[in-house]
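Engineer: Chain by chain, the residues run as shown.
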Amino acid sequence: MLGKNKITLRTLVEILGLQFRIFFFAHLFGLSVLVNRKNDIWIVEEAERNSDQDSTNWKRVYLFTILLLLAVIAVLILFSQRY
Amino acid sequence: MQFLDWLVLISTLALIVGYGSWKTRKNKSIESYLLGDKSLKWGAIGLSVMATQASAITFLSTPGQAFESGMGFIQIYFGLPIAIVIICAFILPIYYRLRVYTAYEYLEQRFNLNTRLLAAFLFLVQRGLAAGITIYAPAIILSTVLGWNLNLMNIAVGVLVIVYTVSGGTKAVTMTQKWQMLVILVGMVAAFGIMLSMIPLSFGQSLDVAGMLGKMEAVDLSFDINNRYTIWSGLAGGLFLSLSYFGTDQSQVQRYLGGSSLKESRLGLLFNAWMKIPMQFFILLTGVMLFVFYQFHDQPIFFNEPARQIVVESAEGERFQNLENEFNAVHKSKEALLFNYSETGEGSEKILALNAEEMDLRNRAKEVIKAADPVLETKDADYVFISFILRYLPVGIVGLLLAVILSAAMSSTAGELNALASTTTIDFYKRVFHPNATEAHYVMASRLFTVMWGLLAIGFALSASLLDNLIQAVNILGSLFYGSILGIFVAAFFIKSIGARAVFLGGIVSQSFVIFLYLTSDIGFLWFNFIGCGMVLLTSAIIQGLSSQLKSS
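From first to last, the protein sequence lines stand for chains A and B.
Numbering that gives the first Met the number 0 numbers the first residue of the first sequence as 0 and each following residue consecutively.
Numbering that gives the first Met the number 0 numbers the first residue of the second sequence as 0 and each following residue consecutively.
Chain B on its own, in the form it takes in the complex (with noise of 0.2 Å):
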C-alpha cells in the first residue's frame, strides 16, 4: 500500500460517511428516523436494497468462487426475480395499507401479539449474529493479506458505521448506500478493464479459453441431485430464499417501506429483480477472466500468501516448494499450448490433461499445508482476487478497490443495525414496555438501540476468531429459523382460515422439530427453509381444523 492507495481509501471512505450523516443529521420524529420520512424515490430505494444484500464477501468471494468453479454459481439468482413479483403483487400493498415500520407489526395486526414477539426475536437472534461477520468476514481477510491488526479493523469498520448510522437513521443508511454502490460498481468497472487489458488475448479468445476449460458452464440442465447448482434447484430454492430475505427480513423490508409511495417502494424492488443477475454475472464474469489472466502470468499453487509462509517454513517445507516447483513447469507448458489453441483451435486435449495435472498439485499442496499445521486453512478461493488486486493493479486503484470491499462492508452492516434497533424499538421497547413516550424519546431509545447492537456487533467480530467454522455455524443458524419465519408469513398472507393461535402454535411445533432434525439427522442445513417453512403451514391447518371441529361439534 502505498501513500496514494491510503489517500483514496481513507478519502472515499471519509467523504461517504462524511456527506451522509451531515445531510442527515435532523430527524426529530421516528416515522423520519426509521423510514426516512418516507420520501425516498425508486432508484434510491433499489441502490440500497442491493447494497443490504451485497457485502463485501459477495465483492472477495464471488470471483475466486467463478475462477474455481466456473459461471454455475449465477443459477441461484433465477429465482429472486419470480420472488420479487410475488412479493410487489401481494405483499407490499398490504405493509402499505396497514403503514406499518417493521415487517412484524403486520403480524399482530394478522394474528396477535405472541405471532408478533416470535418472529421479531427470531429475527434479532440470527441478523444479530449476522452483523458480526458481516464486520469480521472481510477484516480476516484484510488483516491477514495486509498485515493490519484484525481488531483494529474490527472496531474502526463497526465505529464508523455506528456513527452515521445513529446520526442519521434510514435517511443515512439509503443515502451513503447510493454512494457505496456508486464507488462499487466504478472500482469493479476498473479492476475488469485493467485486468482484460493484461491478458495477451483478445476478449473472445479469452471467453473460448473459458469455456474450453470448462467455465463458462452458465446454465446446467440436468436433474442431477448431486450438483448444487442447476437451473431446477437455483429456481426452486433462489425462489424460497428470496421470499423469505426480500419479504420478511427487516433489513429488506426497512429499504423498501421507506419509499415515497407503493409505486416507487414497487419500482425499486423491480429494479433489483431486473438487475441482480447482470451485476451477479459480471462479477463472476471478472472471476472467469481472473482464471484466463492467471493462465498467463505466475499463478500461485496457494492464493493465501501467509499460510504459504508459514508451511514454507514449516518441517513440510521442501515438500510443498517441490509441489510448486512441479506446479510451475506444467503452469509454463500449459500457457505455450493455450497460445496455440488461441490461433487455431487445436491442442484442447492437452491442455486439458495439463490442467487435470494442475488441479491434483493444488490439491497436494492442500495436503501438505494441512499437515504443516492443521489449524490452517486449505481453501484459498477467498484470497485469489484479493491477491490480483494487491499484485498486479495501478497504484491509487489499490485503494479504490480496498474501498470497495470495505464501502460494501459497511453497507450491509449499516442495513442490519438500523432494522436490528427499529425491531427493538418498535415490536419490543415501544409495544411491550413504553406504549405512550414522545416521538422524540423513541428516536433517541432508536440510536440506543443502534449503539448497542453495532457494539453487540463488533464484540461478536472481536471474538469470532476464537470459533471454528463461525461462518457455517451462523449459516446453519440463519437456516435453523428462516422456515420457521417464512412459514408464518405466508400462513398470514395466503391462507385467510389460519387463525392466531393455530399459527403460534405451528411455529413452535415446527422450530422444535427442525431443530429435533438439526440434532438428530445428517440432512444439509439448507433444507431447514423448506421444511420449517412447510412445517408450519401443515401444523397449524391441522391444529385450526381439529380446532374448528371441536367448536362445532
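The shape of chain A in the complex, shown without the other chains (with noise of 0.2 Å):
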C-alpha cells in the first residue's frame, strides 16, 4: 500500500499491464506504418533499388501475414474460450 490513496501492488501491475498493452498495439500500428512508408527508410530505399526485378507486392503480403497472425490469435482465443 503506497500513501493514503490504498495504490496495492496489485493496482501498480494492473496500471503498468494496460500501459504495456496499449504500448503494444501502438508498436503494432507503427509496425504497419513502417512497412506502409518502408520506401522513405534509406537502408531499404538504397537496397530495393539494387534487388531484382519482382513485381510481387510485397506490402501486401506483408498486410497478409500480419493479419493472418492476428486471426490465428482469435481463433486460438475462441479456442481457449470453447475448451
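Any given hint could be a false lead.
One-sided and incomplete, this derived list gives chain B residues near chain A with beta-carbon spacing under 10 Å [what the hints assert, rightly or not]:
no., residue
1, M70
2, L266
3, V450
Note that these hints are calculated values from the structure, not bench results.
Glycine included, each C-beta is placed from N, C-alpha and C at the ideal position.
Starting from two chains that each stand alone, build the complex the way the hints lay out.
Structural biologist: Spelled out as C-alpha cells, the structure:
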C-alpha cells in the first residue's frame, strides 16, 4: 500500500499491464505504418533499387501475414474459451 | 525394438544421407559449396529454415510440455511472424544487395572489420557449444530408454551428419532437410492418428475432457508477471528472440541466402511465418491428446522407467511402490468418472479433485526419487512421448518415429555445422589469413572446418554428461551473447548516425555489463537478450553523440 490512496501492488501491476497493452498495440500500428512507408527509409530505398526485378506487391503480402497472425490469435482465443 | 523397426530406421536414415551426399557431391566454387549456387526455390528454403530450427528436442519435449502444462506454450511463437515480416522488408534486401556469404560480412561494410570479427566470434562460441547439445540431448534420452550406448549414439549421429555436410555443403544440407522434414511430418501425423484411434472417446469429447482438466488454455490475456507464457510475453519476447535468431544467426541466414532470388528467399522465410504456429499447435495438441490417452490407459507415476527401476531397487523402493499403488487407485476412480463426464458433462468437480490428488502423488514420488538418489533427474516430461512410442505404437511405426527424432537431430546439427564452417572460412580464414587463394582452396578449407566443428561437437557431446545442468548452461551462454549481437545489427540496420567506433565500444561495454549483471545479480537469463541489445544501442548512441560534439567543438 502506498500513501493515503491505497494503491496496492496489484493495482500498480494492473496499471503497468494496461500501459503495456497500449504500448504493444501502438507498436503494431507503428509497424504497419513502417511497412507502408518503407520506401522512405534510407536503407530499404537503397537496397530495393539494387534488388532483382520483382512485381510482387510485398506490402500486401506483409499485411496479409500480420492479419493472418491476428486471425490465428483470435481463433486460439475462441478455442481457449470454447474448451 | 524388433527387426522391422530397425529396418525402417536404418533404411530411412541411410536413404536420406546417401541421396543427399550423392546428388550434391560436385562442388567446385565456394558459392556453390556455401550458398548452393544460389539456386534454391522457396519451398526448399522454407523447409530448410524450419528443419534447422526444429531439433529432436522439439519433437521429444514439446508433447511432454503440453502433457504437463497444456497449450499455453504456443504463445512464445506469436512474435515470430512479425519478426519475419521485419526481416523480409528491411534486412533481406540488404544482404542481397551486398551479396554476402555470412551475416557478419555486412557488419564490415557498414562499420569495420573489428565489429565483424567481434560478432562472428560471439556466434562461433555459442553455436559451437549448441551443436554439441543438439547431438547430446536426444542421445541421452534414447540411450536411457532403449539401453543403447550413449557414446556410440553421439558418435554415430555426429559422423553421419559430418559425412553429408562435408560432401555436399549447403545444397546437401538443404536437400536432406527437405526429406527429413517429410519423414518428420509423416511420422508425427501417424503417431497422432494411432493415438486418437486408441482413445475410447470421439475427438470432440477428448477436447472437452482436456479443456475441463485445464489443458486447452492456448492464450492467456492476463498481465501476470509471474506467468511465463502470456500473449504479451509471447509477442514481445518472441519478437526479440526471432529477430535475433532469423536475422543475425548464420545457421538461419545461410539457409535463405541460398535462394535463387530475393523473392524466393522472402517466400521461403514467409512460409515459416505462416506455418510455424500451426505446426507447433499440432505438436502441442499431440501432447494434449497424449494426456487424454493416459486418462484411459495405465499411466506410470514417473515416466523415466530406468530411473524408476533404480528407485524401486533402493532403500526407498517400498515407499515409492506404495505411492504407485495409491496413484493407480486414484487413476482408476478418475477413469470411471471421465467416461460419465464425456457422456453427460457432469462430475467435473470430483474429477478435478482426483486430478489434483494425482498431481500431489506425482510430486511426492519425485521427492522419494530425490531421496533415493539425489543425482537422478526428477523431471520426466521429456520421457512422456518416447514412452508412448515404445509401449503403444505398432511394429514398424516405432522405427519410423525413431527416424523422426534422429532426422530432426541431424537436420539441425547439419545446419549448425554448415554455418560454423562458413563463418570460420569467410569471416576469419579468407578475410584475415588467406585473402587471395583459389576457389578450390576455399572449398577444401570449408570442408576441413566442417570436419573440425563436427568433431568438436561430438567431443562436447561426449563430455556433456560430466557437467550438471548442461542445457541450461548453454541457454544462459546464448542469452549472454545474443543481446549484444542483436544490438550491433539493429544499430547497423536502423540507426544511420551510429559509426564503427561507437558501435564497437558499445558492443564491448554492453557485453561486459551483461556479464557483470550475470555474476552479481539474480536477473532471469532471458532478460539478458533485452538488456544486451538495449545497452549496445544506448552506449553507442552516447559515444557517437559525445565524439560528434568533440569534433564540432
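Engineer: So, against the hints stated earlier in the document, which numbers end up violated here?
Structural biologist: Of the numbered hints, just 3 does not hold.
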